[in-house]
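Peer 1: Chains as they are written, first to last, in the working numbering: chain X, 1 to 495; chain G, 1 to 167; chain H, 1 to 193; chain Y, 1 to 314.
It is worth saying that the hints were derived from the structure and are not from the lab. Keep in mind that the hints are not guaranteed to be accurate.
[As the list claims (entries may be wrong)] Restricting the straight-line Cα-Cα distance to at most 25 Å, the calculated cross-link-like pairs of lysine-lysine (DSS-like) are:
(1) X/87 / G/100
(2) X/411 / Y/7
(3) X/447 / G/132
Chain residues, written in single-letter form:
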Amino acid sequence: MKETSVFSGGVRLEPNKVATQLPTPQLPPQPLYAVPLNTRGGQFAEPRVQVGDAVLGGQLIAGARSKVGAHSPVSGLVKSVQTENNKACIVIEADGLQQKIPARPPVHPASVSIDDLREAGLTGMGGAGFPTADKLQAAGLNKPKMLLINAVECEPLISCDAQLIAEDAKTILFGADWLRQFSGAYHCQIVLEDHSVDSHKILTTALSDSDFDAISISTVPTRYPAGSERQLVHAITGTALLPGERPLDKGVLVQNIGTVHALGHWAQDGTPLTKRLVTVAGNACPTPQTLWCPIGTPVAALVEYVGATEKNVDLFQGGPVMGQPLSDATAAVSKHMQCLRIEIEAKKPEAIACIRCGDCAEACPEHLLPQQLHWQLQGDNLPGAQAERLPDCILCGCCDLVCPSLIPLSKQFAAGKSALRLRQHTELRAAKAKTRFDARELRLEEKERERQERMKKRKAGTAKTDKQKAVAEAMARARAKRAEKAGTSKGDKDE
Amino acid sequence: MIAALCFALLCALAGFLLWMASRRFAVKGNPLVDEIDAILPQTQCAQCNYPGCRPYAEALANGEAEINQCPPGGESGVRALAELLGREVIPLNVEHGEAKVPHLAIIDEAVCIGCTKCIQACPVDAILGAAKLMHTVIADECTGCELCLPPCPVDCIEMVPATGVQP
Amino acid sequence: MSELALTLLATSLVNNVVLVQFLGLCPFVGVSKRLETALGMGLATTFVLTLSSVCGYLLHTYLLAPLDAIWLRTVSFIVVIAVVVQFTEMALRKTSPVLYNLLGIFLPLITTNCAVLGVALLVLQKQTSLFGAALYGFGSALGFTLVLVLFAALRERIETSDVPAPFKGSAIALVTAGLMSLAFMGFAGLAPV
Amino acid sequence: MNSPTRKTHQVMNEVLLACLPAALMSVWFYGPGIVLNLILAPLSALACEAVVSTMRGRPPMSTWADRSTLVAAILLALSIPPIVPLWLPVIGAAIAVVVGKQLYGGLGQNPFNPAMVGYAALLVSFPLETSLWPTQWSETGLTVTDLFTDYNTLPWDAISSATVLDANNTTLRAGGELRPNDLIAQPASWIAFAWLLGGAWLLKRSIISWHIPASLLLAVAFMASVFYLVDATRYASPLTHVFSGACVMGAFFIATDPVSAPAHRRARIVFGLGIGVLIYVIRSWGSFPDGVAFAVLLMNLAAPALDHLYRGRS
Chain X
1 MKETSVFSGG VRLEPNKVAT QLPTPQLPPQ PLYAVPLNTR GGQFAEPRVQ
51 VGDAVLGGQL IAGARSKVGA HSPVSGLVKS VQTENNKACI VIEADGLQQK
101 IPARPPVHPA SVSIDDLREA GLTGMGGAGF PTADKLQAAG LNKPKMLLIN
151 AVECEPLISC DAQLIAEDAK TILFGADWLR QFSGAYHCQI VLEDHSVDSH
201 KILTTALSDS DFDAISISTV PTRYPAGSER QLVHAITGTA LLPGERPLDK
251 GVLVQNIGTV HALGHWAQDG TPLTKRLVTV AGNACPTPQT LWCPIGTPVA
301 ALVEYVGATE KNVDLFQGGP VMGQPLSDAT AAVSKHMQCL RIEIEAKKPE
351 AIACIRCGDC AEACPEHLLP QQLHWQLQGD NLPGAQAERL PDCILCGCCD
401 LVCPSLIPLS KQFAAGKSAL RLRQHTELRA AKAKTRFDAR ELRLEEKERE
451 RQERMKKRKA GTAKTDKQKA VAEAMARARA KRAEKAGTSK GDKDE
Chain G
1 MIAALCFALL CALAGFLLWM ASRRFAVKGN PLVDEIDAIL PQTQCAQCNY
51 PGCRPYAEAL ANGEAEINQC PPGGESGVRA LAELLGREVI PLNVEHGEAK
101 VPHLAIIDEA VCIGCTKCIQ ACPVDAILGA AKLMHTVIAD ECTGCELCLP
151 PCPVDCIEMV PATGVQP
Chain H
1 MSELALTLLA TSLVNNVVLV QFLGLCPFVG VSKRLETALG MGLATTFVLT
51 LSSVCGYLLH TYLLAPLDAI WLRTVSFIVV IAVVVQFTEM ALRKTSPVLY
101 NLLGIFLPLI TTNCAVLGVA LLVLQKQTSL FGAALYGFGS ALGFTLVLVL
151 FAALRERIET SDVPAPFKGS AIALVTAGLM SLAFMGFAGL APV
Chain Y
1 MNSPTRKTHQ VMNEVLLACL PAALMSVWFY GPGIVLNLIL APLSALACEA
51 VVSTMRGRPP MSTWADRSTL VAAILLALSI PPIVPLWLPV IGAAIAVVVG
101 KQLYGGLGQN PFNPAMVGYA ALLVSFPLET SLWPTQWSET GLTVTDLFTD
151 YNTLPWDAIS SATVLDANNT TLRAGGELRP NDLIAQPASW IAFAWLLGGA
201 WLLKRSIISW HIPASLLLAV AFMASVFYLV DATRYASPLT HVFSGACVMG
251 AFFIATDPVS APAHRRARIV FGLGIGVLIY VIRSWGSFPD GVAFAVLLMN
301 LAAPALDHLY RGRS
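So that you can see chain X by itself, here it is in the shape it has in the complex:
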């Protein structure tokens, strides 16, 4: 094992992982699937099917070319197409036949374009859900030297990566080397946390059986948030990313292991991303496990499958630290849902006032001062929060974990960040509107001036001498007559 330096800040958390079991459990077929059309980053895939269309499993139903594609997980009929802002999805009614699109032979990285990958529907499967093609497009401009495969599941409970490695290390390695060749990186490192000994063993064995020389495996200490892209790069390269700097600026391309696996699959036989591993856990989940779920599976099906019968449970998407409450039980499995937590409503201890103890500043992996951000945001002082580098917050939630006053800091920061973004967006729009308004004003002014000048000239012309005046008057009369004639025939066109 290769030892690596650690990033700054962070919190030591008990891994508490859900055990892997082989073969990986499969969710039984469901009657309905609601494939989401929104990806993170505000992209919306345009539907390409209409209600009543018959679709095959793996068939493209939305997006493609410029937008991340969405595919039907099963064969069946399109039951409805919803394009409303937040809940945009295509509902497929399964016909139970499990027909799929035909497989195609493996493709070589050199013969594949970014748009092909976009159509394959790949997004970051580590929780962020950022379109993979967009990242690779940026990587194409930056010429990465190293490809980091992120298998660091730093959040407790979540075990998708361990399950994936246990099940299909071969495809992972294939995908990793394929992606390395596609991105032009010389070297590829698969990074694990040092507690995941089993995964390390499986990967090492698989690697020694293969002939991928450019791939190596390394570990980082178990410390939250080691799996965050910036912290991972810090831990591996030994130097921290500056505020605003991206891993690509250091020549490092980071991809989630789940994404790489999906990519490997697609490269092998053209299977698009239509299913993912989801860890189902939580204190109201009797049988915590990681299972394959088609994208679009109703969350309720998962809850039923694991045998959670408690009423009054709260559902969360994501791990115990960064997880977000799911607003409604009708939600469906998305490409970035690593974990579904089923928790019995716990009475939350009440937060008390901040005593500025600075524990949060010690824990913050980005060297921010959460206590100052908290104070600025409490006073609705967005510029102040910006001056304290609010946009650099990665919302890892370390500050929440250590706050002795139990203040939900990262929640506040998330709200602050989106308020700040909204404000910047509004300002940008206002600036644009202003330039357009000013340009229009200028144009109208110019027109008005020209008109006035013409009038003046005409007037000046008429006032020159009596003789000219007489001539001009005569001409004007003639013109008026002509105009009158024309007016009757042509209507009110001329102004």
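Got chain X; can you put chains G, H and Y on it based on the hints?
Peer 2: Okay, now just chains G, H and Y, sitting in the frame of chain X:
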């Protein structure tokens, strides 16, 4: 007596100095207008009873207008203006309209007769089209000012909530 | 050298115009809601205070005293101060219109800032040279600016605090000013005042 | 999931624990008077807090749970001399809690250190009562009954009337020269060691960070060294300065109060340095025997401005 004279002289001198200073530091235009204009939302909707954001800014700078006449700016706009101008925060004046989420104009292209009236009304040139041809709104440029609604002879323009920025 | 330092120390800290002599409280409470404004006000007042101290000293030593017209002192000082303030106002309006607008009524009110007249009069008692007068005025102004800025930063913090309703706003500001004054008592005895 | 390794009241408990050595040492040297202070000040503080809470329409004991008031009251009690009229700690604690803390909204909101607000208020209001410290336990010979006798009828000769610092100042003002003091003979230096012990505990438990205490003590030591080297007959040695008065206590227990200190690390260093320099300046040339309280209050005053200056840097 001499003292009084001296005092008078002093005052005269002071007056002269001030006169010189006022010539030296004469202010052309009012840069404050730019500062105010930067706060205004630039919808150019004229709900404030001024023909655009800049005229309203000028009126504010001259102390002729209240800071609560801009519904698109909302409460936060009023607060920002109050802070800049050192005035008290007051609630929005409902006479000028109510604050609401940003909207977009959408032309029902099947109904549009291509009269160009809305193009002339649009303060930010966000409507494209030519006479007798169908018009369309450039969504990115539309400020949602609603100024295109009254001139339309066939009422084919509808305001829809803007999707806004994704968090 | 140490004389100079002591004068500065004495005027700015030990005998701070606001917190020890309680002069100029009106702008101290009025223009301390935001740090930027407070800094601007402090600088404007520094300019006015230094200049008017010097002018006052000159006027007193070379005009009023020889003419035996000390009784005209207050009136003529007010004229001097008014001129300096008017001048500052015009200069500021030209150079920083935003600050000009932010300071608003408080800018012309520097004229009636008792700290300005008070310091100009105190200078005559304490100093015997033009340079000393300038230093005295400057030191006092420095003290004024310092406490104004510190107070403004403090108030920005207090503003978000859960202050009991009856004490919100000016009340807690005055309590804070009192505690600041208490802290400044620590400087007592550091320099001959 | 939100279960931090320690909660606010646990932090306060640690601070209380760290106060223990110094409290015991004070009682050992100064006798029952300190015990009375330690009882009266917290009682008064908690009572005042309950009254304020009631007036604000909140449960009277709602603010007791975090124990921050207890910490402030104990620190105040340990700052007051052992033989004082009984109303003194009561008034001090009341001022500390009501003016210093609750008027600003209570926990976490006070811009000044409440204990020092109370202490400074006592210092300027009752300069005589607050500056009489017995130098040695054996010299005082005070009994519990003395504490309850009329303050003015106490045999003053029985009480050595000044601290080392005060004695230094008195000597200097009288035109005399300083004698090297025997630090070991001073109760104050023993108590300072006890505070140091508590401070080390706080550092070890990472309740406080090293920035403020280190920079503060460094500044005091540096100022003292410079002037000591210039003229050893007029200025006391750095060791005397660090281990007399409330210097160590201030460095570890007062200045580190995170509520009234800046948040930025570099600003904290500036903050500590500022306090250190001010302590030395006020002690050496000011009219108060010790400058810790004022120095802390003055830098508390500057803390928000410092934070503003350093914001966005890390």
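Peer 1: Please go over all the hints and tell whether each is borne out by the structure.
Peer 2: How the hints compare with the structure:
no.	hint	verdict
1	X/87 / G/100	holds, 23 Å
2	X/411 / Y/7	holds, 19 Å
3	X/447 / G/132	holds, 23 Å
Going down the numbered hints, you'll see the structure goes against none, and every one checks out.
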